[in-house]
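Listed in order, the protein sequences are those of chains A and B.
Per my numbering, residue 1 is the first one in the first sequence, and the count goes up by one each step.
Per my numbering, residue 179 is the first one in the second sequence, and the count goes up by one each step.
Simulated from the structure, these hints should not be mistaken for lab results.
Bear in mind that the values here come from a model prediction, so they are computed numbers and not experimental data.
Fair warning: there could be bad hints in the mix.
[Claimed, not checked] List of simulated lysine to aspartate or glutamate pairs, DMTMM-like, C-alpha gap at most 25 angstroms:
#1 B:Lys268 / A:Glu28
#2 B:Lys268 / A:Asp149
#3 B:Lys268 / A:Asp49
#4 B:Lys241 / A:Glu11
#5 A:Lys23 / A:Glu162
#6 B:Lys319 / B:Asp363
#7 A:Lys75 / B:Glu196
#8 A:Lys53 / B:Glu327
#9 A:Lys23 / A:Glu11
#10 B:Lys268 / A:Asp51
#11 B:Lys241 / A:Asp74
#12 A:Lys53 / B:Asp363
#13 B:Lys353 / A:Asp74
#14 B:Lys353 / A:Glu162
#15 A:Lys53 / A:Asp135
#16 A:Lys53 / B:Asp292
#17 B:Lys325 / B:Glu240
#18 A:Lys75 / B:Glu360
#19 B:Lys305 / B:Asp213
#20 B:Lys268 / A:Asp48
#21 B:Lys353 / A:Glu99
#22 A:Lys75 / B:Asp195
#23 A:Lys75 / B:Glu240
#24 B:Lys353 / A:Asp159
#25 A:Lys75 / B:Asp292
#26 A:Lys75 / B:Asp363
#27 B:Lys241 / B:Asp363
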Amino acid sequence: MDDQVKDQAAEQLSGGAIMDAMKEAGVEYILSVPDLHTSYGLLLPIADDPDFKLIRTCKEDECIGISAGLSYGDKRAVVLIQYTGFLYAQNAIRAMAAEQQKPICLMIGLLGKPPGVAPQDAKRIGVRSVEPYLDFMGIPRALIETDDDVPLIPPAIVDAYENQHPTAFLIGRRPIAP
Amino acid sequence: MMNRLECLKILAQHVTDEIVAPTYSCATDWMAVNDRPLNYYGFGAMGLASSHALGLALARPEKRVIVLDGDGSLLMNLGTLVTIGAVQPKNFVHFVGHNGSYEANGGALLPNQDLDFAAFARTAGYKSAHTFTDIDDFAAKVGDVIKAEGPVFGNLVIEQGPLSNRDYSEIHSAKRRQVFREALDSGA
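Can you make the complete structure from the sequences, with help from the hints?
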């Protein structure tokens, strides 16, 4: 790969790569409330992909409950939501992810965070608060900012299900549709 | 108007190998009536019983799942009806104890006590929805209701209390969840 190609990869995030990573991890269900940050590049392509079963919910805490229930049949799920929905669903996340250590896999869109800016340096207080909330709950996290970060996804999901604990991915820029 | 404990005793006569997911006052009463390994109490957050049950129904399509919800709990997650109506789990039965109050939280009234939950469920896409106000009518029909193709909804119009012994530390214990998982995995 020449330097120019490397630079392009470093500056983009492919929705298709994220979808492939979730498939590699054995994810069958996507539980989601739409997020402008990820809708075009991720959620809408997922809706058209027969390898995923998409459950559209009305509020984000539903996703946490459904994911917990699915885990009793060893069905793997990713909860795809915006950071505002993550904040809304704190009580359910507290119960299922922090207290019961269920394999709740959160994929959180950081709407409004400029690419390349660290979440803690974002202007929006809601975006800045996501990492501290996750840390307080003891939920491991990874920032998915470019395609170079996508390989972090499969092992984290597999580990969450094999060792029964939650995990979170922070989507740091708008994914490009496949 | 019916008594919740009497309703649950009648329901217990029909329950065999189903997963039963009771919440709050229904949970403590159901535990008093029919304490069994396939009872799921692991919600952890008020309002989410039916969401957990939806996940269980999808994960275990060979089992029927019966949710014993409360009206206060359901109102905290009313969108769940729409989600369940969209997913259409055939093995899903959803009862709501409707007494117009947050009974488990001290009996304070709901913002509006006179709601037609069956109409909510029907318009949300449940295959069938029933309202029961008479214990004999409930006793006559409940066996068929829990065997019907889901999602099925049953609004149980009940009076407040009396409440059974409330031991939430036991209900929410890791041991209870482990017993449930072992029962599922053993094919109970």
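Consistency of the hints with the structure:
no.: 1; hint: B:Lys268 / A:Glu28; verdict: holds (19 angstroms)
no.: 2; hint: B:Lys268 / A:Asp149; verdict: violated (40 angstroms)
no.: 3; hint: B:Lys268 / A:Asp49; verdict: holds (23 angstroms)
no.: 4; hint: B:Lys241 / A:Glu11; verdict: violated (48 angstroms)
no.: 5; hint: A:Lys23 / A:Glu162; verdict: holds (16 angstroms)
no.: 6; hint: B:Lys319 / B:Asp363; verdict: violated (31 angstroms)
no.: 7; hint: A:Lys75 / B:Glu196; verdict: holds (19 angstroms)
no.: 8; hint: A:Lys53 / B:Glu327; verdict: holds (21 angstroms)
no.: 9; hint: A:Lys23 / A:Glu11; verdict: holds (23 angstroms)
no.: 10; hint: B:Lys268 / A:Asp51; verdict: holds (22 angstroms)
no.: 11; hint: B:Lys241 / A:Asp74; verdict: holds (15 angstroms)
no.: 12; hint: A:Lys53 / B:Asp363; verdict: holds (24 angstroms)
no.: 13; hint: B:Lys353 / A:Asp74; verdict: holds (19 angstroms)
no.: 14; hint: B:Lys353 / A:Glu162; verdict: holds (20 angstroms)
no.: 15; hint: A:Lys53 / A:Asp135; verdict: violated (30 angstroms)
no.: 16; hint: A:Lys53 / B:Asp292; verdict: violated (37 angstroms)
no.: 17; hint: B:Lys325 / B:Glu240; verdict: holds (13 angstroms)
no.: 18; hint: A:Lys75 / B:Glu360; verdict: holds (16 angstroms)
no.: 19; hint: B:Lys305 / B:Asp213; verdict: violated (29 angstroms)
no.: 20; hint: B:Lys268 / A:Asp48; verdict: holds (24 angstroms)
no.: 21; hint: B:Lys353 / A:Glu99; verdict: holds (14 angstroms)
no.: 22; hint: A:Lys75 / B:Asp195; verdict: holds (21 angstroms)
no.: 23; hint: A:Lys75 / B:Glu240; verdict: holds (14 angstroms)
no.: 24; hint: B:Lys353 / A:Asp159; verdict: holds (23 angstroms)
no.: 25; hint: A:Lys75 / B:Asp292; verdict: violated (39 angstroms)
no.: 26; hint: A:Lys75 / B:Asp363; verdict: holds (14 angstroms)
no.: 27; hint: B:Lys241 / B:Asp363; verdict: holds (12 angstroms)
In the structure shown, a violation is registered for the earlier hints numbered 2, 4, 6, 15, 16, 19, 25, in ascending order.
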